[in-house]
Amino acid sequence: MTTPKPPCHALAFKRRLLAWFRREGRDLPWRRTRDPYHVLVSEFMLQQTQVARVTQYYGRFLNRYPTIKALAKARPKAVREAWDGLGYYRRAANLHSLAKTVERDYGGKIPTRPAELRRLPGVGAYTAGAVLAFAYEQPAAVVDTNVERVIRRAFHTRCATDAAASRKITETASALQPKCGRTAWEFNQALMDLGAMICLARSPRCLQCPVRPVCKTGRRTK
DNA sequence: ATCCTGGCGC
DNA sequence: GCGCCAGGAT
1 MTTPKPPCHA LAFKRRLLAW FRREGRDLPW RRTRDPYHVL VSEFMLQQTQ VARVTQYYGR
61 FLNRYPTIKA LAKARPKAVR EAWDGLGYYR RAANLHSLAK TVERDYGGKI PTRPAELRRL
121 PGVGAYTAGA VLAFAYEQPA AVVDTNVERV IRRAFHTRCA TDAAASRKIT ETASALQPKC
181 GRTAWEFNQA LMDLGAMICL ARSPRCLQCP VRPVCKTGRR TK
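Residue numbers (my numbering): 1 to 222.
No lab work stands behind these hints, which were simulated from the structure alone.
Fair warning: this is a prediction, and the values are worked out from it, not measured in the lab.
Where hints are given, some of them may not hold.
Capping the alpha-carbon separation at 20 Å, the derived lysine-lysine pairs in PhoX-like fashion look like this [claimed, not checked]:
hint, residue 1, residue 2
1, LYS216, LYS14
2, LYS100, LYS69
3, LYS73, LYS109
4, LYS179, LYS14
5, LYS109, LYS69
6, LYS100, LYS77
7, LYS73, LYS100
8, LYS168, LYS216
9, LYS14, LYS168
Can you make the complete structure from the sequences, with help from the hints?
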């Protein structure tokens, strides 16, 4: 039951979103790599910190720990120092523990199976999806609160924000996935950028939105 | 379904 | 200071 039918306007939505992303999408350091460890580091940082700040600390951290093996061998105090300035130090400890687990149990290779990813410390549904989509280029839904808002406004305008609604939205995000992995990577990054740049929580910029003509919400806005 | 966490905006 | 947010955990 992994492929429900795409909602109407799905094709137009994807075409418009991808075209916009190829023009306007942000060029971020962690989008220039497919190294699963590097992607994971960026996602752990992004869980708690805005993009502008992560761009500074991401490079610094990877300079110190360029590989998962290097991180696995590090002393806890050093890892904590490499994380300095980002806060939420529990996540640094989780990342460190994750590195040791992956070294010991998976020969240093970050797993590709969702169930295995989810067992790693600090990895929930969101981060597992991000690794699959952004490192392994798989058509996996990556639904953070920004993306959830985009999908809700575009396709589910009259549904609420409770847990059941979230499930529905994740289903829609899955159904929308392009089959081609490379395109799925772009599509998921594009959803992120739309949520961060246009489909803002408080005041969406519908007039600048590339999918407005096919959006259940924006279509009506003036 | 509900709780927990901790930095940040108000 | 207090409550919010955004994820993970249980």
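Now the hints, each set against the structure:
{"no.": "1", "hint": "LYS216 with LYS14", "verdict": "holds, 15 Å"}
{"no.": "2", "hint": "LYS100 with LYS69", "verdict": "holds, 8 Å"}
{"no.": "3", "hint": "LYS73 with LYS109", "verdict": "holds, 15 Å"}
{"no.": "4", "hint": "LYS179 with LYS14", "verdict": "holds, 12 Å"}
{"no.": "5", "hint": "LYS109 with LYS69", "verdict": "holds, 10 Å"}
{"no.": "6", "hint": "LYS100 with LYS77", "verdict": "holds, 15 Å"}
{"no.": "7", "hint": "LYS73 with LYS100", "verdict": "holds, 8 Å"}
{"no.": "8", "hint": "LYS168 with LYS216", "verdict": "holds, 16 Å"}
{"no.": "9", "hint": "LYS14 with LYS168", "verdict": "holds, 19 Å"}
No hint from the list above goes unmet by this structure.
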